[in-house]
Every structure is written in C-alpha cells, then in structure tokens.
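Asker: Listed below, chain by chain, are the residues.
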Amino acid sequence: MTDRPQAPHTGGSEAVSRPSGCVKPVGRFFDDFEVSRRRMVLLRFAFFTLLGIDFLWVFLPHAPRFGALDFNVSQLPFLDAYLPLPSPEVVGALYVSGGLLSFAIALGAVTQPALALLAAIYGGVYLWSQSDSYQHHYLVTLLLLLFACVPAHLFTLRGPDSTNPPQPRVASWAMRLVYVQLGLMYAWSAVTKTTETWLDGTTLQTLLSCEARERLTALARRLDGSLEAGITFSAWAVMIGEYFGGLVFFTRRLFTVGLFIVPFFHIGVELLDFDIELFSYYMVALDVILLAPDRFIDWVFEGFSRAVQNISPRVRGLAGLWVARPVDLMTAASIAGIAAAIAAVVGHLLPLEGAVHLSVALGAVTFIALMPTAAISPFAHARAAIFALVGVLIFGTLQLISAPYDYYRQWAGFLRRHGQSERSIALYVRANHVAGSTPARHLQLAKMHAAQGEKDLALTLVLEDVRRHEAHIALLERRTRTSQGDEQDHLELGRAQAALQGALTFQVSLRRQLGQDEGLSEIERRGQMVLDAARAAFRRNIELGGTCSAGRGELAKLTGRKDDGE
Amino acid sequence: MRYAFIAAFLAVQVLLPLRYYAGEDRFDERFAWRMFSNVRVVACQTRFTDASDGGATPVRASAEIHEVWTSLLNRARRSVIDGFARKWCSERSAGGGQPVLHVDVTCQNPETLGQTICRGTTTDANADGVPDLFGTDRRCAGKSAADCFRAACGEQTAAACREALCMVRPIAVEENLCD
Numbered sequence: 001m002t003d004r005p006q007a008p009h010t011g012g013s014e015a016v017s018r019p020s021g022c023v024k025p026v027g028r029f030f031d032d033f034e035v036s037r038r039r040m041v042l043l044r045f046a047f048f049t050l051l052g053i054d055f056l057w058v059f060l061p062h063a064p065r066f067g068a069l070d071f072n073v074s075q076l077p078f079l080d081a082y083l084p085l086p087s088p089e090v091v092g093a094l095y096v097s098g099g100l101l102s103f104a105i106a107l108g109a110v111t112q113p114a115l116a117l118l119a120a121i122y123g124g125v126y127l128w129s130q131s132d133s134y135q136h137h138y139l140v141t142l143l144l145l146l147f148a149c150v151p152a153h154l155f156t157l158r159g160p161d162s163t164n165p166p167q168p169r170v171a172s173w174a175m176r177l178v179y180v181q182l183g184l185m186y187a188w189s190a191v192t193k194t195t196e197t198w199l200d201g202t203t204l205q206t207l208l209s210c211e212a213r214e215r216l217t218a219l220a221r222r223l224d225g226s227l228e229a230g231i232t233f234s235a236w237a238v239m240i241g242e243y244f245g246g247l248v249f250f251t252r253r254l255f256t257v258g259l260f261i262v263p264f265f266h267i268g269v270e271l272l273d274f275d276i277e278l279f280s281y282y283m284v285a286l287d288v289i290l291l292a293p294d295r296f297i298d299w300v301f302e303g304f305s306r307a308v309q310n311i312s313p314r315v316r317g318l319a320g321l322w323v324a325r326p327v328d329l330m331t332a333a334s335i336a337g338i339a340a341a342i343a344a345v346v347g348h349l350l351p352l353e354g355a356v357h358l359s360v361a362l363g364a365v366t367f368i369a370l371m372p373t374a375a376i377s378p379f380a381h382a383r384a385a386i387f388a389l390v391g392v393l394i395f396g397t398l399q400l401i402s403a404p405y406d407y408y409r410q411w412a413g414f415l416r417r418h419g420q421s422e423r424s425i426a427l428y429v430r431a432n433h434v435a436g437s438t439p440a441r442h443l444q445l446a447k448m449h450a451a452q453g454e455k456d457l458a459l460t461l462v463l464e465d466v467r468r469h470e471a472h473i474a475l476l477e478r479r480t481r482t483s484q485g486d487e488q489d490h491l492e493l494g495r496a497q498a499a500l501q502g503a504l505t506f507q508v509s510l511r512r513q514l515g516q517d518e519g520l521s522e523i524e525r526r527g528q529m530v531l532d533a534a535r536a537a538f539r540r541n542i543e544l545g546g547t548c549s550a551g552r553g554e555l556a557k558l559t560g561r562k563d564d565g566e
Numbered sequence: 001m002r003y004a005f006i007a008a009f010l011a012v013q014v015l016l017p018l019r020y021y022a023g024e025d026r027f028d029e030r031f032a033w034r035m036f037s038n039v040r041v042v043a044c045q046t047r048f049t050d051a052s053d054g055g056a057t058p059v060r061a062s063a064e065i066h067e068v069w070t071s072l073l074n075r076a077r078r079s080v081i082d083g084f085a086r087k088w089c090s091e092r093s094a095g096g097g098q099p100v101l102h103v104d105v106t107c108q109n110p111e112t113l114g115q116t117i118c119r120g121t122t123t124d125a126n127a128d129g130v131p132d133l134f135g136t137d138r139r140c141a142g143k144s145a146a147d148c149f150r151a152a153c154g155e156q157t158a159a160a161c162r163e164a165l166c167m168v169r170p171i172a173v174e175e176n177l178c179d
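Protein chains in written order, with the numbering used here: chain A, 1 to 566; chain B, 1 to 179.
These aren't lab readings, by the way, just hints derived from the structure by calculation. Check before you lean on any hint, since a few could be wrong.
25 Å max Cα-Cα, derived DMTMM-like pairs, lysine to aspartate or glutamate [said to hold, decoys possible]:
| id | chain 1 | residue 1 | chain 2 | residue 2 |
| --- | --- | --- | --- | --- |
| 1 | B | K87 | B | D25 |
| 2 | A | K455 | A | E422 |
| 3 | A | K447 | B | D104 |
| 4 | A | K557 | A | D486 |
| 5 | B | K87 | B | D179 |
| 6 | B | K143 | B | E163 |
| 7 | A | K455 | A | E524 |
| 8 | B | K87 | A | E89 |
| 9 | A | K24 | A | E34 |
| 10 | A | K447 | A | E522 |
| 11 | A | K557 | B | D179 |
| 12 | A | K447 | B | D25 |
| 13 | B | K143 | B | D128 |
| 14 | A | K447 | A | D328 |
| 15 | A | K455 | A | E522 |
| 16 | A | K557 | A | E524 |
| 17 | B | K87 | A | D70 |
| 18 | B | K143 | A | E196 |
| 19 | B | K143 | A | E228 |
| 20 | B | K87 | B | D147 |
| 21 | B | K87 | A | E470 |
| 22 | B | K143 | A | D200 |
| 23 | B | K87 | A | D80 |
| 24 | A | K455 | A | E518 |
| 25 | B | K87 | B | E175 |
| 26 | A | K557 | A | E492 |
| 27 | B | K143 | B | E155 |
| 28 | A | K557 | A | E422 |
| 29 | A | K557 | A | E228 |
| 30 | A | K557 | A | E477 |
Label pairs and their in silico Cβ distance ranges [stated by the list, open to error]:
| id | chain 1 | residue 1 | chain 2 | residue 2 | range |
| --- | --- | --- | --- | --- | --- |
| 31 | A | A229 | B | D132 | 19 to 27 Å |
| 32 | A | F260 | B | A127 | 52 to 60 Å |
| 33 | B | A127 | A | D275 | 51 to 59 Å |
| 34 | A | T438 | B | R138 | 18 to 26 Å |
Every residue gets a Cβ at the ideal spot worked out from N, C-alpha and C, and that includes glycine.
Work the whole structure out from these sequences, hints included.
Answerer: Dropping the structure here:
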C-alpha cells in the first residue's frame, strides 16, 4: 500500500477531477491513495463474512425488541414523528436480507447496488431505533457507507470490464477515508480515556468480570506485581496506544509498527470478557488487513492460489468457462429475475415470522444486487450462482442454529411478561417447533395453558417437557463422566436438573387440580432426588471453577425450594 | 462532488464528538466514540412519578416498554426519557385530563468514581465517623484514615459527603415532562 503522489490507477471507472489552489494537497491526500486489489479482496472476505454472521447469529434474535409495545426512539429523535414504528417481522426480514447480501459479497458477488443496498439496510435499521445502539454499529454503518463509494470492481481481482487486464493497485479516495475514519475513532477513544478515573484504573476495575480479575491477579502474582498496579499500567498503555492508533492510520510509515500494537487492544478486550458482540473481531480483521505490508498480503494470496491449483483443472475449466461467459442485458436481467424468484421462495420457507416480508425482501435485494448495470454483463451467471448457494446455505443454517429459537423464545417471553397471552402462546409453539428435540419452552407453554384453564393440554405439555429434560440430562451426565474436569458441563447439568425439578413440581400441582392423585408421592420423591442431584452438580461446578463459578448463584437460587438441605 | 462528501464526512466526525464535550448532556455518548468511558460504567436510577392528581404515584416504566429501553432509561438517555414521556402523556391525555409526569434521575458522578468516598460502602464498623474504606484505600497511604476522610469531605458526614460528591441529578425533578 502506498500514498505516494504519483499518477493514480483508477481502474478505469472513475473520471478524476483534479482540485486546484489550496485544496490541491488535501485533494491529493485522498485521490492519490492507492490500495492493492489483493488487500481489497481480503478485506471484502473478512469484513462481509463477519457482517453476515452478525446479521444471522447476533442481530436476528434481537428483532423482536423492535417496536415492542408500540414504543421506539430513533437515533435522530426529531424524525420519530415521520418514521413508521419498526416491527419484528420487517426488521427480521431486513436482517436476513442483510445476511444474504453480506455472505454473497464476501464470496465475490459484489456489485455497486449490492454494496449500496447493504449500507442502506444496516444503516437504516441502526438509525431507525436506539434499541441496538452499541458504538460499533455506528462504525459499521459508516464503513458500509464508505465501501458503497468504492467502485465494486476494486473489491475483486478483475477489472471494471472483462476486456482490459486489471491494474493490481488502484486509487480510491473512499478507502483513504476508511483509514481516516479509523484513525479518528482511535483518537477520540483516547480522548475519552484522558481522565483521572480512567488513568487511575477505576473505570477498568469496574469493567472487569470476575474471571478476568482472577486471570489478571494470577498474572500479576507471576510478575511479582499487584493487580492494582497492573490495571493502572494497562489503563495508561491503552490511552497512549489509542493516541498512537489514531496517528497510525494517517501515516503510512507507521502502518507496520501499528500492526504490532493496535490489534492487541481488541485481543485484550476479548481475553478480558468484555461483552461487545463481534466488535473485537471486526477491529482485529480491519487492523490486520489494512495495516499489513503488501508482502504479507501477497503471501496469503499465494498460499490460497496454490490451494486452488490443486483443484482438478477440469472442474476449474468448466466453471471458468460458464461463469465468465458474457451475456446480454436481457439474459442478465432474466438471470436476476429467476434468482430473485428463488430467493422469494426460500424467504417464504424460512422458520421466521412474516413470510410475506421475508419473501419480498429477499426477492427484492437479490434482484437489485444482480441487476445488470451495462448492456453486457460478464459475470451474471457467477453472481447468480453465488446468491443461490448463499440462499441455500442460509436456509440450511437457520434450521440448525439457535437464532430462530432465540428469536421466538425472547419474543414470546416478553409478551408473556406483558400479559399478551394469546400471541405469546402462538410464539412459544413456534419456538418449540424450531427447537428440535431440546427441552425448549414446553413448561412455560404448559403454565400459560394451565392459567387459561386448559389443564389437560398443560399436563400433556409438561409431560413432554419432563421427557425432553430427562433425555437431555442423560446426555449431559454422559458428557460429565467423559470430561470430568469441565466445570461448564456440570453447570449445564445442574441447570437442566433444576429445570426438571421445576417441571415435576408443576406436574404434581396440575395432577392434584385434575384429581389425579395416584402416584404423586413417587413424582415428589423423584423431584427431591433431582433437586439433590442439581445441588451436587452446582457444587462440583464451584469446586472446579473457583471464586467466579456461576454455580454459586445457581445454588443460591435453589435455596428455599422444597426440602431444602442448604 | 466527492470533495463536498469528504468535507461533510470529516466535519461530522469532528463536530459530533466535539458537540458531546461542549454540550451539557454527558450521559448520551452516541456518535462520540467514547468506548469504555467512565460514563458507561456508572449506575443511574430513573424514577417516574405520576403527579396528575396532585399526588405522587410511582410509574413502573418496565411494565410499559421493553427491557432494552428500561436499561437506556437507567443510563439517563434523555431522548429515551422524552420518548417514554411522550408515549405515557399521550396515552393519559387520550383518556381525558391533564397528565403530569415527573422524573427523578440520580446517577453516580462519572468524574468522581475513583474517589475513596465514592467507592464501595460507607460502612463504619468502629463508629468513629470515618468510613472503614479510608483505612484500607491506597489513596490514603501515608495519612491517617481520619485525615484522608477530612481532606475529601471536610466536616460533612460520610452520607452527606457521598451525596454531594458522588451523585448527580441530570434531570430536574420539578419539570413536567408532559408540557
């Protein structure tokens, strides 16, 4: 990478108008900034893959909070009077569409409309509501805005058309602005820490989790120091390092030095268990890819090329022949239309509320992203194939991961707490349906039906809950026997046993109400055994986990349960 | 055109954080890149009171909005407090009458978090009027606990000193949010 003042390669897509007068050096600072295509491809792959994960794994379960109880405040509250209330269905559809676009771009289906649309979706939802207002969402919004200003072909090894060989390095004012943005972010973050409460370690002490405190104490002991001194030193180091980080992104000569300093803040943040979603991963990826020397980027690419060479030449030849074949406008538009129709069908089948919203959103973003922008489209087949592949993968993934279950579970739980029983029951049914064979929320559903007087149905559900918990506990017991030392397994086992005891207690109460008194003492005896087993599992968790073990809190929760032995 | 975009982008990135530092609302840190700030770690208590009938009935905000908003209320986010007030007041006005909603927001003072009197509790086991913390805090090294306490609080009691030094009220209690 270089910012030397030579005639820039624009890749043929940008007509560069030159500034004059006093604006000239500033103009050159932005216009002459070159970046290698290989770096841009790595950036595309890492950043947009993380974004896809963010959309589907992290954001999707948050969709139900949007517009809950008809309340919302946008990031720009003066717009609230004009903005419609967000809804879980619409936000959920936007998140899945964002996931589709992100993964497709990461895999190479990068077009200008796709970049712009993704920026609009992410930024739009961010600005629409303060309910997800971590500062890194603001950063990602700004980065997506800037990436939408980078000509799409710069994110690929291809040129703007298939006829001229591409320049390996390209000038991009928007990429310079990305560097400037990151520099400003580090600098402002350092200003935040230039206070007495940060520098004496008070703020950092407050942020530390119990586990992180234990780890740091152990480290300080090994280094013959105190925890307080270590924290004060870290606070100063972070502040100085962030000022330096601000400088690094403005000064090419410091890139390599910065590479060995700046990413370590974010690695430290992860090691200290600060819960800020995927922010550290984004920042480590951005810092490493944007600051690494060209030699490192080339080394990564050459390794990748060697791996590709090992794929059968016949397969590569066929794929290359098909995907690179240019097609005319009508054919490209037809391909976009067919892909959009398939995406719409996939949207309808996804295990989420708002099938119509999902269909329309996925169909529309697919069509817009694949829309031909010139009379001849050289990569229409390839891009459509990538969209199809990503669509199928998202469909499959959403059947396997817990995001749809969390989405329904959280939504249903919120409505239950606010007395909206009918809707809550419907959502608990969906949660249990997508949860597969896990215990899920049968007990909660049983309690809601019982409250409505449907006691037979409630008993059926509670029996199902007991059956599933028993199967789950058997699995966990096997796991704790094979991994004696894992505190987490014992914690999970204790929680499952405590939940089973709760289900058995509720079963007894229901049977009494139904006049089914036979065998109740046996169920109660089992409940007591399970409760004792849960206590034993939590005690084992405490033995293995020490001061910070979560078993301590869990054991306290069991205090007061029937026949409490504590 | 692109220079206008660049200029606007840079202006926003410089002016929005400056606006935070120049402004009065230190609890709304959005757009100011204040990661891991002292404000982020302070605890606030936001209490709404319905004074429509001249009384002071507590309003349970958590019963009317999602938990995520309650947590923003408890971080003294003014725009969310105003948003909640708009919702509450419009719902009550729809039923007739003149709603009156007060809010009392009390937060730890982010600037004094590290001061001894503001850390931990004011437990005074030996009842000498000096909180026990002053006997163990490293900031008091080289001084007696009583001298250290007097240097921070003067002649005030521990409770009064704590209230004056460690707490702030970002929003006035008297203000009717429905106006």
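Asker: Could you run down the list of hints and mark each one as holding or not?
Answerer: Cross-check of the supplied hints:
1. B:K87 - B:D25: holds, 22 Å
2. A:K455 - A:E422: Roughly 16 Å separates the two Cα atoms, so the pair holds.
3. A:K447 - B:D104: With a Cα-Cα distance of about 37 Å, the restraint between K447 of chain A and D104 of chain B is violated, given a limit of 25 Å.
4. A:K557 - A:D486: holds, 22 Å
5. B:K87 - B:D179: Between K87 of chain B and D179 of chain B the Cα gap is close to 13 Å, so the pair holds against 25 Å.
6. B:K143 - B:E163: Status holds; Cα separation ~24 Å.
7. A:K455 - A:E524: holds, 19 Å
8. B:K87 - A:E89: Measuring from Cα to Cα gives roughly 22 Å; hence the hint holds.
9. A:K24 - A:E34: holds, 17 Å
10. A:K447 - A:E522: Roughly 22 Å separates the two Cα atoms, so the pair holds.
11. A:K557 - B:D179: violated, 45 Å
12. A:K447 - B:D25: Roughly 45 Å separates the two Cα atoms, so the pair is violated.
13. B:K143 - B:D128: holds, 16 Å
14. A:K447 - A:D328: violated, 61 Å
15. A:K455 - A:E522: holds, 21 Å
16. A:K557 - A:E524: holds, 19 Å
17. B:K87 - A:D70: holds, 9 Å
18. B:K143 - A:E196: With a Cα-Cα distance of about 21 Å, the restraint between K143 of chain B and E196 of chain A holds, given a limit of 25 Å.
19. B:K143 - A:E228: holds, 19 Å
20. B:K87 - B:D147: Distance ~51 Å between K87 of chain B and D147 of chain B Cα, so the pair is violated.
21. B:K87 - A:E470: violated, 46 Å
22. B:K143 - A:D200: OK: K143 of chain B and D200 of chain A at ~19 Å, within 25 Å.
23. B:K87 - A:D80: Holds, at about 12 Å.
24. A:K455 - A:E518: Roughly 17 Å between the alpha carbons, so the hint for K455 of chain A and E518 of chain A holds.
25. B:K87 - B:E175: holds, 17 Å
26. A:K557 - A:E492: holds, 15 Å
27. B:K143 - B:E155: holds, 17 Å
28. A:K557 - A:E422: violated, 30 Å
29. A:K557 - A:E228: violated, 33 Å
30. A:K557 - A:E477: OK: K557 of chain A and E477 of chain A at ~22 Å, within 25 Å.
31. A:A229 - B:D132: 19 to 27 Å: holds, 23 Å
32. A:F260 - B:A127: 52 to 60 Å: holds, 55 Å
33. B:A127 - A:D275: 51 to 59 Å: violated, 41 Å
34. A:T438 - B:R138: 18 to 26 Å: violated, 49 Å
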